[in-house]
Each structure stands twice: as C-alpha cells, then as structure tokens.
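Here the protein sequences line up with chains A and B, keeping their order. Note that the first sequence covers residues 61 to 476 in our numbering. Note that the second sequence covers residues 145 to 305 in our numbering.
Do not take every clue at face value.
[Claimed, not checked] Straight line, CA to CA, 30 Å or less: simulated DSBU-like cross-link-like pairs of lysine-lysine:
hint : chain 1 : residue 1 : chain 2 : residue 2
1    : B       : K296      : B       : K217
2    : A       : K209      : B       : K296
3    : B       : K296      : A       : K313
4    : A       : K313      : A       : K381
Derived by calculation from the structure, the hints in this document are not laboratory data. A quick note: this is a predicted structure, and the numbers were derived from the prediction, not measured.
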Amino acid sequence: MNQVSVGNGTETRWPVEGITRVPYRAFFDPTVYEQEQEQIFRGRAWNYVGLEAEVPNLCDFRTTFVGDTPVVVTRDRDGALHAFVNRCAHRGAIVCREPRGNRKSHQCVYHQWTYNPQGDLIGVPFRGGIEGKGGYPADFHPSQHSLRKLRVEAYQGLIFASFADDIEPLETYLGPEMRHWLDRIFNRPIQLLGYARQYIHANWKLYAENVRDPYHASLLHLFHTTFGIYRSSMGGGVIMDEARRHDMLRAYKRTEPQETAAYKGKGMRTYQEQYSLADPSLLTSRKEFDVELTNHIQTIFPCLVVQQIQNTLATRHILPKKPDEFELLFTFFGYADDDEEMRAIRIKQANLVGPAGYISMEDGHATELVQQAIVRDQKAGSFIEFGGRETDDQENLLTESGIRGFWKYYRETMHV
Amino acid sequence: MVTAETRATVEDLFHTYVHCIDDDDLEAWPSLFASQCLYKIVPRENADQNLPIAIMYCDSQGMLQDRVTAHRKANLYGAHFYRHLVSSIQVLGEENGVIQARANYVVFRTLADAVHYGTTEVYSAGAYHDKIVMENGVAKFREKLVIADTCKISSLLVTPL
Numbered sequence: 061m062n063q064v065s066v067g068n069g070t071e072t073r074w075p076v077e078g079i080t081r082v083p084y085r086a087f088f089d090p091t092v093y094e095q096e097q098e099q100i101f102r103g104r105a106w107n108y109v110g111l112e113a114e115v116p117n118l119c120d121f122r123t124t125f126v127g128d129t130p131v132v133v134t135r136d137r138d139g140a141l142h143a144f145v146n147r148c149a150h151r152g153a154i155v156c157r158e159p160r161g162n163r164k165s166h167q168c169v170y171h172q173w174t175y176n177p178q179g180d181l182i183g184v185p186f187r188g189g190i191e192g193k194g195g196y197p198a199d200f201h202p203s204q205h206s207l208r209k210l211r212v213e214a215y216q217g218l219i220f221a222s223f224a225d226d227i228e229p230l231e232t233y234l235g236p237e238m239r240h241w242l243d244r245i246f247n248r249p250i251q252l253l254g255y256a257r258q259y260i261h262a263n264w265k266l267y268a269e270n271v272r273d274p275y276h277a278s279l280l281h282l283f284h285t286t287f288g289i290y291r292s293s294m295g296g297g298v299i300m301d302e303a304r305r306h307d308m309l310r311a312y313k314r315t316e317p318q319e320t321a322a323y324k325g326k327g328m329r330t331y332q333e334q335y336s337l338a339d340p341s342l343l344t345s346r347k348e349f350d351v352e353l354t355n356h357i358q359t360i361f362p363c364l365v366v367q368q369i370q371n372t373l374a375t376r377h378i379l380p381k382k383p384d385e386f387e388l389l390f391t392f393f394g395y396a397d398d399d400e401e402m403r404a405i406r407i408k409q410a411n412l413v414g415p416a417g418y419i420s421m422e423d424g425h426a427t428e429l430v431q432q433a434i435v436r437d438q439k440a441g442s443f444i445e446f447g448g449r450e451t452d453d454q455e456n457l458l459t460e461s462g463i464r465g466f467w468k469y470y471r472e473t474m475h476v
Numbered sequence: 145m146v147t148a149e150t151r152a153t154v155e156d157l158f159h160t161y162v163h164c165i166d167d168d169d170l171e172a173w174p175s176l177f178a179s180q181c182l183y184k185i186v187p188r189e190n191a192d193q194n195l196p197i198a199i200m201y202c203d204s205q206g207m208l209q210d211r212v213t214a215h216r217k218a219n220l221y222g223a224h225f226y227r228h229l230v231s232s233i234q235v236l237g238e239e240n241g242v243i244q245a246r247a248n249y250v251v252f253r254t255l256a257d258a259v260h261y262g263t264t265e266v267y268s269a270g271a272y273h274d275k276i277v278m279e280n281g282v283a284k285f286r287e288k289l290v291i292a293d294t295c296k297i298s299s300l301l302v303t304p305l
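This is chain A alone, in the form it adopts within the complex (with noise of 0.2 Å):
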C-alpha cells in the first residue's frame, strides 16, 4: 500500500486504491477525530439526537450529544421542538444537569442565567446592578446572548439536528429510499420500553463499518448456528440512498433447503447443529410487518441505526467520546397498541441485542480487536473488496458494498 496520511498539518493523501482501503490512521490520530467533530457532526449532517417519544410533553427536555458536544433536546410551550448547546452564554458552564425533565425554563447554577425551552436568554440576576453599582452596560441586549441554537427537525417521531443553518431539508437528507424503510418502522405511535448502555474502546467508525457488513453476521456471531436456527445463506440485501452514505441491510428467512443446501459442506465452524435451546420461548415471533425481515438494520449518517431484530425495536444511537471510544446507546421501543404478549415478546427479546445480546455483544468486541491491533501501523490500512470494489446496491449480503458507501461520503465530507 502507499503511503498515507490524513488528518491536519500533515500531507492529505488516501490510498490511491480508493474507498477500498481505509489507513487504519483514522481510527486513532486524534487530529483526524477533532475533524470530523467540525466537518461531520458540527458539518452539514442532520444528527439523530432521539425520539419525539422521550419529549412528549410541553416543556420535557432530555440531554444528549451532537458528536461530542452536549447538547440539550427541548418541547416548548407550543409543543414545538428545538436543541441548544448545552453551554451557558455567560461563562460556558453545563445549564441542564439533568439527563431529563419537564421545565418551563432552564437555568444556569452558576450565575443563574436564565433561559426558555427555545434557549432565549430571559433572566439575568442584578443586570441593572444595585443601588447604582455594577450591572451590565447600557448595551447589554439578552436577545444577543441566546443559548447556540441548533437546527431540529424530526422525521416520523425521530429526532434531528444540525450545526449547519444552510442544510437541506431533513427529507431531502434522508432521501425517498431510506424513508421508505423508515416507515416501515415508525408507522404508529410509539412506546418506549428501555435503555441500554455500552461503553466500547473503539473509535466509532469502526461500529458504523460493523452496522453496515452483512458478511461477519452468521460468521462473528454464532448464537443462531450454534443453536441450529439459520444458516448463512439468509436471503437479503443492501440498499444506500443517492450519496451512498445511509444504508438499509436486510435480510429474510428462505426456505430450509435451500439454507441447507448452499451452507452445509462448506466445513465453516459456523455450520454445527449439536446444540438446541432449552428454552425456545426465546425466539417465539409474532408477524407484525407487511414486508417480513428477520434483520432490518438501517443506518443514518453519521450517528443513527434503527434495528428490527425478530420483535425487537430499537434505535442505537453512536456518540463518540475520543478517537478510541464511543458509547452506543439503545433506546428499545414498542408500539402503543401492543398487547401484553405482544409486550412480553419484545422484553424477551431483547436478550438478542444490546450489551448482554445474544447475536450483538460480538461487535462491540470486534470494533475493540481492531482497536488494539492497529496502535502503531497508520500507513496500513484495511482490506474492503467482498463483493466488489463499487458502492452499489446488492440484492445479496455477500458484500462490503454499503462500508464502501460510507468511505466515499466520509471522504467527501472530510476531504481526504
């Protein structure tokens, strides 16, 4: 490979291989991460920053992260939304220290600014000063001294922001394609079931790669084959909106003999049947969609992935805190008219995902592998051609087609 380098002061060059090496510098260099705070999520992205469903009551508010910057997430009076930067106008100290709660207005402990849902400036303490002595100048304006306000937008109770006042709209930014399948997801009220948290020493990009590669599914992950419950050869596909940098995996159950019949005799250790659940209660599915997946793993650039695993919801929200760790956070959802067993199955279920997840524990561990092996060698990179060297859709999930994607829009957006 040749020689490479990205991130500031240095020489900006990628492998002249293109989107099929990434160097494994930009998994480490901190200048790299610094980057990509400023021209990916504080660029022109529309970040997912929650459910409509967390803030559903005049003056709820939750606190988050656009990158690594916090972020507040507000509904007004009116019922309307909007985000700010969690950093008081005055001296820059936290506003909201709460991870959530219903306020009609937001107040600074330091010196008690003072601010509304919308993150207007609406009280300053001793502004005209006592008996004559200290206070602000005459031109002190509170207007000019609003909390940083983001852009916020939501797409059918998902929730967005961006940095960038000249975006375009967040439809156009999803795309017809990536809402489609969206839709099929967030097609009725909503009803939140839970959180879960898992802190992972891996540079972020290395869990959206993860989300994005059918090929490792039936080979890092061995609950289903280990249990006898589906072979490889699960019939799927990737999809990607115009720039390439969404993706939508999914994948469906075929018919048993043609599973058997492409997987067995393949000598893979993933093909072994000698074990059985005791308990098979685990996997007891209800049909609930029109388009029946097994697996739809959607992912919004550059911090979103929506998940339908069997009967499990949920959206997996990436923050990235240094250039080796990112914290994934879960949000497991249902639906509002779900029945109690419609309930209990998706409770049950989320023994698949999340940090203790049968079939997800695996990619955290991953990503963390590839941490630890790459510390020294920045002018090596890593190896993506399964299934080709182009960004095209597949109606198959033998490929890295849509971690290609990625690269191509990462290498627009950071201009490396």
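Let chain A serve as the given structure and place chain B on it in line with the hints.
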C-alpha cells in the same frame, strides 16, 4: 420476625452464588434458582423510570441454561474473571415461604485476554433484590433482580452478575 436461621440460610445462598460465578462454575449457576424462576439485570436508568427492558432476562431454568451454553459455545468475548463483593445483606421478611432479601454488590472484572492481561476494573455496582424459597430443603432464588447502577456496560456483558 426473621430468625437467625433464615438469615444464615440467605447469607449462605448469596455466598454460594458469588463463588459459583467467580470460580467459573457457571454450569451450576442455574441450580441455585428454583424450578420456576426469574433472573433479570435491569439498568437503574430503566428501573427508576419504570421501563421494563432488562439487558439479561431469564424467566425459566431453560433460559438460564441457554445463557450458560451460549457463554461456553456461541458468544465471543475477551477472557475475564469476576470478583463479586456482596455486602449489607438484609433479610426484609418472610411470607408464605418466600423470603425477601436485598444486598449491595460490586463486581471487579479482571481482563485475561492477550492485550489487557491482568487489568482490573470496577465493572458493575448495584443491588440485588431477591425472593428466596426452600425447595427440597435447599434455599433457591425464585427471583433475582439485579439493579445495576452501572448502566453503561464496559465493552459487553456475557457473564451473569
């Protein structure tokens, strides 16, 4: 009135439970539960908001056994050891043969993989909220509810708390 004998029974069960996991005798782990049982690890964040999702949820002996089989045969993770410290065991009462007890726990995780060998971290802190019954003269967990203050799991969770 909780008898000294009941207290000793509860404490013995907690100690047996801890050594079962910490000594990697997971195959015996399901046998510490009653024939009808419930084991849940719930992030405190969910418990505090009355949200039902658990990160590990077993409502039968079979589901406990499946966790052990997957631990041994299916799931991939870095080698590690646990050290449980269980304290402030409190027997809250006994009604209709069901003893209610709670305790605090801390789990230290020592990594034993090639890269981190020998590194110890505070992995999880929280509390047990348990219901204990006697089956054939032996104390078993009818219900073991782990409320994990540590909502943010470092890397992954494969070994029960």
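So, going through the hints one by one against the coordinates:
no., hint, verdict
1, K296/B - K217/B, "holds (26 Å)"
2, K209/A - K296/B, "holds (29 Å)"
3, K296/B - K313/A, "violated (33 Å)"
4, K313/A - K381/A, "violated (37 Å)"
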